Amino acid sequence: MKKTLSALIMLAGFAVFFVLISNGQTPEYGGSVVVAVTGDPGGLNPAITTQGGVHTICGSIFSGLVAQDFDLNAVPDLAMSWDVSPDGRTYTFHLAPNAEFHDGVPVTSEDVRFTFEELLLKFHSRTRASIGDRLNRIVTPDAHTVVFEFNKPYAAFLQLIDVTNAPVMPKHLFSNTDPMTNPHNTNPIGSGAFKFQDWTKGDRITLVRNEKYFKPGKPYLDRIVYKVMPSAATAAIAFENGEADYFLNPTPLDIERLNKLPDVVITEKGREGFAGVETVVLNLNKAPLSDVRVRQAMAYTIDKNYIVEKIAFGKGTVATGPISSQLKWAHNSGVFRYERNLALAKQMLDDAGFRSDSEGLRFHLKFVYAASYAKVVEVVRDQLRDVGIVVDLEQMEFSAAVDRVYIKKDFDLGFASFENGPDPDIGVKRTVVSSNIGPIPFSNGASYRNPRVDELFDLAASETDKQKRAAYYFEAQEILVKDVPYLWLYEPQSSTAYRSGLQGMYVWSAKSSNYFAQDAWWKGGKNPTSGSGGFGQRRFYFLSIVGAIILIVTIAILVKRKRKRFRS
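In this note's numbering, the protein residues as written are 1 to 568.
These are computed hints drawn from the structure, not numbers from a lab. Fair warning: this is a prediction, and the values are worked out from it, not measured in the lab. The reader is advised that the hints may include incorrect statements.
Keeping only pairs whose Cα atoms sit at most 20 Å apart, straight-line, the calculated DMTMM-like set for lysine to aspartate or glutamate is [claimed, not checked]:
no. : residue 1 : residue 2
1   : 286       : 392
2   : 286       : 410
3   : 152       : 133
The following label-pair restraints were derived from C-beta to C-beta distances [stated by the list, open to error]:
no. : residue 1 : residue 2 : range
4   : 187       : 243       : 25 to 33 Å
5   : 394       : 434       : 25 to 33 Å
6   : 75        : 139       : 32 to 40 Å
7   : 409       : 267       : 36 to 44 Å
Ideal placement from N, C-alpha and C gives every residue a C-beta, glycine not left out.
Sequences are here, hints too, so could you generate the full structure?
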């Protein structure tokens, strides 16, 4: 009897301990999250664009072969495991056998091959630039094995093939179609944690839980609503008023205000895989920007410190070139820096033959940009006016600006927020190598050509020794800074704001600020302001605690009876 009582007491203790621990630590199911986004995406096909607004949403709908942890190392996603040949030329991936698309069709190696051959290598600027000239073939020995064979080693491949740069698309829905007009660009079918439900243009995009997600037990949320806001300021107000639970990239002024609110978390975590550089794109195909002296004069005219202080409110870093200082191993901090020098800039413009007229004006430039960049664009305009360069602003909707700059090439100046990604070969190479000049969004929009830069990026991609790779990138940055195909302005300090009741944030990926959905859950199983979800979880805790109490009371009664029998 004594042993039985001891066992029951231990069992009761464990029951209470489990309930208390699980109530605070175990993910709870239910509820929805409202994410504030600024503007409708152009579409929902992440294989044909690198537009950030598309990937913010599609990261929850689709899956990549791998993801990155916070040290930018590859971790499993669709690929459960992989092998790399000793010479670094062959990568073999083993897919999750239970993965299927949202329409019930299994994900196979043929989907992977089709995605790369027919979509990514033709339309995705980062992936196309990174492996387009070095991938020999893709082999599919069976339904769940895919092999990539390269003609030379490629050092950044495992950093490339996440859901941002290599989302696996359904072959059965895109084969023998025009991928630019396929109806599933606005009605996406992926294999990710959430399924597309509906899209009300200008209002919201709704995703619902994928009950057959290949990662057991996930996701925890019932629904994600991407609420379209007309501006970042509107999004901040919506978050402040409790109309949104998750808000990407609040401004420093927003952060100062939101930090005063209860139950709000603001963090820079989850952005490690982006490393952005705010950039002015120069059209080198058109005079006078085809003259390097003009471009250098413009670089001497721009006051980057002023931009960081006034536009980024001090929450950023002056950019010295295309490779972000966040990629410390590849960033050349010793490159030449253009400090504002108006006298020198004017002299260089005079020497290039662009003298000012009686009103102090030299020439006009057409600046095409999206509304979200208006403030920084206006500062650039005003500063260039100081040396007699007149900038005519043409503000338009985001997708229209992309079309004008990258497809039609109808611009003098454009603006882009270029993300480096986890490796320069992924996010930087696409913007400067001559093989990536073409009608592809976020490619080499400047139409810059330099054979040595092409060679250096190619050498760096094939080299597996990190120090040697860095040396190639250092030299490339020195050349680029002298050639000035772009005006690299500053590196923004990116943050995310969310409700403190959201748990499990940033569990597995350095890009979790976009791809949070599979791990996030509400404490209590619901959004505190929504009143939905969580009842089953709370009932479980209640019944468990009641059961534990009954068990303890029963033990106490048994002990008391035993003592009575002993005394009698």
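Here's how the hints hold up against the structure:
{"no.": "1", "hint": "286 - 392", "result": "holds (16 Å)"}
{"no.": "2", "hint": "286 - 410", "result": "holds (10 Å)"}
{"no.": "3", "hint": "152 - 133", "result": "holds (10 Å)"}
{"no.": "4", "hint": "187 - 243: 25 to 33 Å", "result": "holds (26 Å)"}
{"no.": "5", "hint": "394 - 434: 25 to 33 Å", "result": "holds (27 Å)"}
{"no.": "6", "hint": "75 - 139: 32 to 40 Å", "result": "violated (24 Å)"}
{"no.": "7", "hint": "409 - 267: 36 to 44 Å", "result": "holds (39 Å)"}
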